[in-house]
Structures are given as structure tokens and as C-alpha cells.
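Starting from the known structure of chain A, arrange chain B with the ligand on it as the hints suggest.
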Amino acid sequence: MTITDRTASELLALQAAGDVSARAITDAFLAVIREREPTVQAFVQVDEAAARQQAEAVDAKRRAGAPLGPLAGVPVAVKDVLCTRGVRTTCSSRMLADYVPPYDAHVIERLRAADAVLIGKTNLDEFAMGSSTENSAFQVTRNPWDSTRIPGGSSGGSAAAVAAREAPLSLGTDTGGSIRQPASHCGIVGVKPTYGRVSRYGLVAFANSLDQIGPFARTVTDAARLLAVIAGHDARDSTSVDQSVPAYTQSLDQPLQNLRIGIPQEFLKTGLDAEVEAAVRAALREYQAQGATLVDVTLPHAAHHAIAVYYIVATAEASSNLARYDGMHFGHRTADKGDLIATMSRSRTEGFGPEVQRRIMLGTYALSSGYYDAYYLQAMKVRRLIAEEFATAFTQCDIIASPTSPTAAFPIGEKTADPLTMYLSDIYTISANLAGIPGVSLPCGFTSNGLPIGLQLLAPPFAEERLFRSARMYEAATDWHTRRPPL
Amino acid sequence: MAEPYKIVIGLEVHVQLLTKTKLFCGCRNQFGLPPNTATCPVCLGLPGSLPVMNRTAFQLALRAALALNCQMASFTKWDRKQYYYPDLPKNYQISQYDLPFSAEGWLEINIHPDPKKGHTPKRVGIIRAHLEEDAGKLLHDESGRGGDSRVDLNRTGTPLLEIVSKPEMNSAEEAVAYLEEIRLLMRELGVSDCEMQEGSLRCDANVNLHIPRSDEPHGYAATPLVEIKNLNSFRSVGRAIRYEAERQFSAFQNDPQNYRIGRLLKTTAGWDDARGRTEVQRHKEEAADYRYFPDPDLVPVTVSPEQIDAVRREMGELPSQQRVRLQTQYGLSPYDANVLTAKGRPMVAYFEAVATILNDGKQASHRISDLVFPALSERNEEMESFPIRATEFAGFIQATATLSKQDRVDLFTHMLEQGVNVAAAMEATGLKPATFDEATLRAAVIAAIGNNPKAVADYQSGKTAAANRIKGEVLKANKGAPNDLVQRLLEEELAKQ
Ligand SMILES: [Zn+2]
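If you're matching them up, the sequences are chains A and B in order. Going by our numbering, 172 is the number at position 172 of the first sequence; the sequence numbering is gapless. Going by our numbering, 113 is the number at position 113 of the second sequence; the sequence numbering is gapless.
Keep in mind the hints are simulated off the structure, nothing from the lab. Owing to the predicted nature of the structure, the values given are computational and were not obtained by experimental measurement. Ideal Cβ placement from N, Cα and C applies to all residues, glycine included. A portion of the hints provided could be inaccurate.
As the list claims (entries may be wrong) - Quick list of in silico lysine-lysine cross-link-like pairs, BS3-like style, CA-CA up to 30 Å:
(1) Lys405(B) <-> Lys362(B)
(2) Lys81(B) <-> Lys381(A)
(3) Lys137(B) <-> Lys337(A)
(4) Lys362(B) <-> Lys463(B)
(5) Lys266(B) <-> Lys362(B)
(6) Lys381(A) <-> Lys137(B)
(7) Lys496(B) <-> Lys337(A)
What the hints assert, rightly or not - Some chain A residues well away from chain B (every beta-carbon gap over 10 Å; in silico):
(8) Leu203
(9) His233
(10) Thr249
(11) Gln290
(12) Ser320
(13) Phe330
(14) Thr334
(15) Arg384
(16) Gly450
As the list claims (entries may be wrong) - For the chain B half of the interface with chain A, some residues (derived, Cβ under 7 Å), not all of them:
(17) Leu138
(18) Asp289
(19) Phe293
Looking at chain A on its own, in the form it has when it is part of the complex:
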């Protein structure tokens, strides 16, 4: 087995046994990146020298007998919305093409403290707005399983990098499914933690009340390792919750007894691809075989209104967050300068792509005087109903299962002309963000033409440990996660 096929857990063990150095691991992944990037295009930036330097520092620490962090020598790719001190952070936008933050995001600090090797910054839909990574201003990331198809989005670069063995671990952000959906399309594990579980400090905001940073990995165990490193309270994020982080990896291999799995009836109806449905039903049968019971739950508001609510709340917040990119304080400034308003307006028109502009306009409209009550306020009320609906459902079951996405990865360009259809592909993932609950997507099969299918599991707030254990129950009984894309 080559080094790049190893999981993070294995890489840690190999280093501890002295079988391989951090430098050798990093070199191996850099070699794969060099070989596959022309096809995959997952990264917007790789600094080989910096990566090697970090790896050598880990090796030096190990030689000196110094204590090592929990991800020592393991390469981690990070979505390019996470601020990295002295390293460009572009949000895959022309607007921030040259932006170099003077500080590290909280999760970056945590990765450095864990002795991880930051191997590169990954591509995304501009400002995390999209479900296919086609909205990047720089490049279109390909699905490692079929390079004519999208990897999902918005964290498509981070998902594709892990699936293509360009990195064993990566970080993404999930605002409406932006970790779980690309994980599903790329055949890997992706976790959206509870809102407040991971500090957003240094995450360039798309929609502050929905955004959450989470891990991608090829196994549940690796995902749990990475979450354990980045989770926990941070006083710099007022929405970060001060609650202890369980040792996720310790309980992982203990199956949950009498697991009750809620099946939202509304989620298995129209628009669901037959192969996806079959794979998910088969996965549920596997759980039943392990003693789990299936419970019908109902989430009518989540099913019927989540997308509408999401596109009001998320765009409203985004329209405000993105106001600062005006060519005066930050970002691209037009060469065609006029008075103050004209300069700002032209800079924004040139700096933002069409999807970002669309969402800024939607959000601005929703917050405008005379429309606020009908849109934003109403959306916030329904959002509360959705959260209550989940709370009620979780009195009847321990986790909720559904497909992650109604279809497998679609061809590049198929939905770019039709934003509404694109928005609808997030139907199963969006309500978890509105309710603030954690979710995971894990591989549960392939379509007849070899595209991965994802199973989504949702749990109550701060029940990530339960999520990992139930995901691991299924993973341990199947081998989907061991398949390799045909690269």
C-alpha cells in the first residue's frame, strides 16, 4: 500500500513506529498533487517548500523527544475561506485574489498546535456560494470519480483532494450542505458539526448563523480525529459554545445498542434518484441487521420550506458580510475610478462573480424596508419551527437518516444556467444548518456508472459522538470507503 492510500490514523502509527518520516509523507502527497492536479484542480495554492518545512519541524521534534500533537506529520488541506497568516486567502474570488490575512483562523491555530502539515488551500464556489465548485473565479474542480462531473460544493476542492489521495484530511465549511454534499459526491466522509462546536474565528463569513467548519476524511475515525482537534470553545467567537469535547475516537468502535433511526417520510418522495434511494434503503437494512429499529418521523417544515428559508437567511447575512468588499477597504479596486459610489460599485461588479452578485441582491432585497417582515422575519420564524421539529423528532429517535443528496454528482455545466435546480440539490442538507444540528455524510454505495452515493446521518445538538459511533457501525460492516477513484 502506498503512503497516500493510508489513513491519517495509519500515518500516525507508521511515524510512531519509526517506519516513515513526516517529510516522506508530505513528499508522497506532494507528488500525488503534482501528478493529479492537472486533472482534479482541487487546490488553488500549494506551497511545497512551506509544507516540507513543517514536516521537517515535526521530524525534528520527534527526534528530540519533544511532545507531539495529535496530528503530527499528517498533511491537511484547508478550504480557502480559512484565514492563514501570511498566506493568500482568496475565497476563490477575484475580489480577494491578492488578500493576505495578518492572522490565522482559530482552526488553523489548532492544526498548527496539533503539528499537522498545512499542505495547501483548496478551491471552492466563490465565497462558499454554490453546490458544485463551478462558481470559483479561478478553476473548475473535477470529481475524482469522473472528471466530467462536479465534485459537489461549495467545499469541492477539499472533498476532491481527499478523494484523490492528494491529502488524507481536509477542512471544509458547511452552510447548507457544503461539506456533506461534496463528501457524498466524492465518496468520502464529511462532518458538519453542531453550530457553535467549532470556532468561526478566521472563517471568512458567508452566512454567519449557518456556517460551521468541519472535517473531510476517508474514514469515520479520521474525521473524528480531525474534529477533536478543531472543536472546543474559543472566546473570540461569541457563538462558540463552552462545552467540553468528548474523546470521539475512544468510543468509536462501540456499536450503539437499540439504535433508533428516524426516517423523515418527506425526504423519500419526489425528486429522489432511484439508485440513490436503493443504496440508502440498503444501508438502513444493514443497520436493522445490527439491531437498529427504523422509526417514521415527520419534518414537514424542513422538507417544504427549508430551501426558501435558507435562501432568505443566508443571502441576507451574506449581503451584509460582503458589503466590506468595496475596493476601498478590501479587495479588488476597479481601474475605472469615478466618485466614491461609482468606484465602489464598479469594483464590486468586477470583483464578484454572477452567483455572488445574485445572492447579494436577494439578501439586500429581503432586508429592505417594507420587505423585512415578509421575508427575513418570516424566515426566522419558520427557521425556529424547523429547529423545534427536529427536537420533537429526536424524542422519537436517536439519529435521523436520509440520502445526503437526491442524485449522484451531475455533469459539469449541467445546472449552471438554472440556479434554482442547483439550489434544490441541497434539499436534504440545508435543514440541519437551519436547526444548528450536526450531520455526517458517509459512502453507502455507487451508481451503475460508478459514482459514489452518500448516506446522511443527523443527530441532536452536540451529539457528534453518537453520530460518529453510528456512522462507524455502518462503515465497519461495509467496504465502500476502501474503493479508490479511477485516477
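Relative to the frame of chain A, chain B with the ligand by itself:
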């Protein structure tokens, strides 16, 4: 009413809080630092940065609102007020919109057109007080050569308390008195230093007129609202309001049908202090829709009754309470109590120490205003550093009780200028009370007895009060002679008659 109209004034006051750090980050909150040195990712609004509320700022704001007799909200939140401006890095300001932390208060102001008549209290209603972050400062090229404007973001994110009054002031004097009372209150509470020149106290005035007309439904016609900005001193507040009232009155006279509230939009005007006039800047209704919405980066704040009680306990005595106490405890007139209170807590403490030693509040108050007030303003000095402390001042008053006012002033000036005590000053200037030996006084008493046979006869017939007439004559001729000594000598000599 001297004018043929009633002025209606509402004030919007911004007070910068005296916190060590800014409202949502750890940067220094300090005036006069080199440009852009008190900044960080948060107050620069760098992508990815997040605000965290400064609890001290919130505590100070609670204290201020309690002193303004406001109703305190048990639940308050932060909203984004959105507009594009180069001094606002995020292009939104974190403020409070529909759920401010306090509302519905009042402030008692003192208008004293005639100092001798004491003060005339008036309550001005407060609509709301809320917290918000300040914007930065734009420095424009004023050379006329069209150079780039510069932005200083040191002030960005510093805590501001906005206090909005009801339109319940009816003269420039009342508006200034309101501002003076706000400044006194905020200083006494340690909430703000309220330096208008440094911008830690800012004020916009909403002004219009009610012009009596018997044929109007309400008995008066109202002129359109004008919001006056750019008021840089208390004096300019008064001048601007007086100017604006006259301007509105003549505008109304020129076009009584159309120069009316409701007919014309509210306008914003800038006060030009040099030219002494207001200049209309823009029509308010053209202003942006601020698209307020709750800031998702901050959590709502809950305030418990216990917290409010705790803030109230550490608030200490308010100026309004102090004025009443100075009157009841020391017998001061309302005017004197008001003047002392307006000078601030160190002065009041000084007064109280002197009054206690002298056991005479009125005398302490009068001597302080005769001697200490002018000395402080002459020396441009604060009470805290005034070299003659309360005990020494009380001793000075006692030692100079028999001197003329002018001698006392000269002596005091000498003490201050030379830095010497009262004994040394008396020695150096020769300004000292006459001394009296017993033999001289006894001779004076004997002479007075001789001059007043009627009083002596009355005294001997049992009307002992008649002795006072004799004593009065002795004291009159011997200014400053000790009363008890004269009394004893008089009793001895009368007994010999
Ligand atoms: Zn700061």
C-alpha cells in the same frame, strides 16, 4: 414668551464611554494616538474577524441609563446598521435597533436665568439610550489641490452611548442646560469625560417651531424639522438653535402656507460656526434604507434585576440627589447647591470637609466661591491638584475671620503665589487680625459702662439683656476682639458697679 413662537428641541447626544478597550475588540480606546495604531483584525473588519462584546462597556452603559431614570430591558440584542462609507470598514455599524437596552427615562435640568432666584427644575424625557460602535475619522485634503482623503481607524469600534431626548426643550438655554447636566452626570458616574472638542460628547439638535395661530386645529402651525449637525461646543449649540429658530420663523412668514411640517421633508443642516449660520445639507428622506437586522456574530444580552441592583449600588450619589442633600444637610440655597454640584465631586468633597470643620455650610460655600473658584480658574487648575487642602482652607477662614474681604483675598493670593502657610503669609504681608490684651479691653469695657448709664441701670434692675448693648459698643470699637473675653470682663466690671 419674548418670541412670537415656541421652539421645540430634541437632542441626540453621543457619549464616548471611558473604557480601556473598544466595544468589540481589545484595542485601546484612547484619544490622540498616531493614526491607525489602535487597530486589529476585528475593528478593521478584516475578513473572518468576529466581534466580542466588551462587558465593561455594557456595565458603564447600564450605569448611565439607570442615572437617566430609564427602563432597562431584560433582553437586548445587537443589530447591523448598513450603509457604505469609507470611515466604516465593514460598511455596517453594530448598533441597537428595535430592542435597545434602555428606554423611557428622564433627566432633570436646571435653568437659572437669575442666579439669585435659585433654580427652576424641568424634566426632559429620554426616548431611549443605546450602545453602538463608533466609526473612524476621515481626514480630507483641505489644501484645495484635490489630494487623497485619509482614513484613521483608531476611533473605529470605540463604544458610544446614544441618548435620544424627547422634543421637550423650548429654548437654547434649556438645550444647553440639558447638555451640561448630561456632561455632569456622565463625568460624575465615570461613564465619559464628555470633551466636546475631542468628540467624546457629540450632539445633533432637531429643531422646529410652533407658531401660535388661532385658526389652526391645534392652535399653532408647526415648521418642518431641521436636524442641526456639526455642533462643536456648548456655545455653538445655543447659537445654532437661536439662529435656526429665527431662520425658520422668517421662512414661515415668507410662505406660511407651505413652510409646514408634513409639507416639506425633514432636512439636515450643518452649523457653520465661523459664519454663524446653518447650511442645509440634504433632505433626510433621501437617506439610505439602513436594512437593520440582528448581527448573527453576536449573542443577545440578558440583564437580570440582580445585575441592575448591583450597578445601582455602585453608582453612588447622583448630582440631583447631591443638590438636595447639600441644601438639607448644610443649609445651602438651591443656587449654591447647584453651583457646587456643577463643579464636580472633588469640589463637593472639599466643601463638605471645610463646612464640617467650620460647622457652617453657608460660610464654607461663600468663602469657597469667593476664593477657591477664582483661584482655580486663574491658575487653570483642577480641584484635585489645588495646593490648599480643605483643612488648611478651613484654618485660613478661622484665622482671617476678622479681616476685610480684600485683605483675605490678598492674603490667599500670597499663600498661593508663594506657596506658604497662613501664618507665614500674615507675617510677610502684615495683614493680620489685631491682637487684644486684657488690660486694654478692660479699660474699653469700663469706658463703655461709663458711656451707658441707662443700660447699667436696666441691667441692675434685672434686665440682664441690657448688657449686650454695652458689649456691642466694645466689640464695635475693637473689631475681632474675642467675644467670651469681653463678656467675662463686662460681667466683672458690672458686678463692681
Ligand atoms: Zn481592534
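With a cut-off of 7 Å, does the beta carbon of Leu138(B) approach a beta carbon of chain A closely enough for the hint to hold?
Violated - the Cβ of Leu138(B) stays beyond 7 Å from chain A, reaching only about 11 Å at its closest.
Beyond 10 Å from every Cβ of chain B: is that where the Cβ of Thr334(A) lies?
Given that every Cβ of chain B is farther than 10 Å from that of Thr334(A), nearest at about 15 Å, it holds.
With a cut-off of 30 Å on the C-alpha distance, tell me whether Lys137(B) and Lys337(A) pass.
22 Å, holds
Mind checking the CB of Phe293(B) against every CB in chain A and telling me if the closest is under 7 Å?
5 Å, holds
Examine each Cβ of chain B, and state whether all of them lie more than 10 Å from the Cβ of Leu203(A).
6 Å, violated
Run the C-beta distances from Ser320(A) to all of chain B and say if the shortest one exceeds 10 Å.
6 Å, violated
Does the no-contact call for Thr249(A) survive, Cβ to all of chain B over 10 Å?
Nearest chain B Cβ is 29 Å from Thr249(A), so the label holds.
Would the hint linking Lys496(B) and Lys337(A) be met if the CA-CA limit is 30 Å?
110 Å, violated
When you check the alpha-carbon spacing of Lys405(B) and Lys362(B), does it fall within 30 Å?
16 Å, holds
Distance rule for Arg384(A), whose beta carbon must clear each one in chain B by more than 10 Å:
13 Å, holds
Hey, does Phe330(A) actually stay past 10 Å from chain B on C-beta?
Label violated. Min Cβ-Cβ 7 Å, cutoff 10 Å.
Taking 30 Å as the top limit, are the C-alpha atoms of Lys81(B) and Lys381(A) close enough?
Given pair Lys81(B), Lys381(A) holds - Cα atoms ~22 Å apart, limit 30 Å.
In this structure, the earlier hints numbered 4, 5, 6, 7, 8, 12, 13 and 17 are contradicted, and the remaining ones agree with it.
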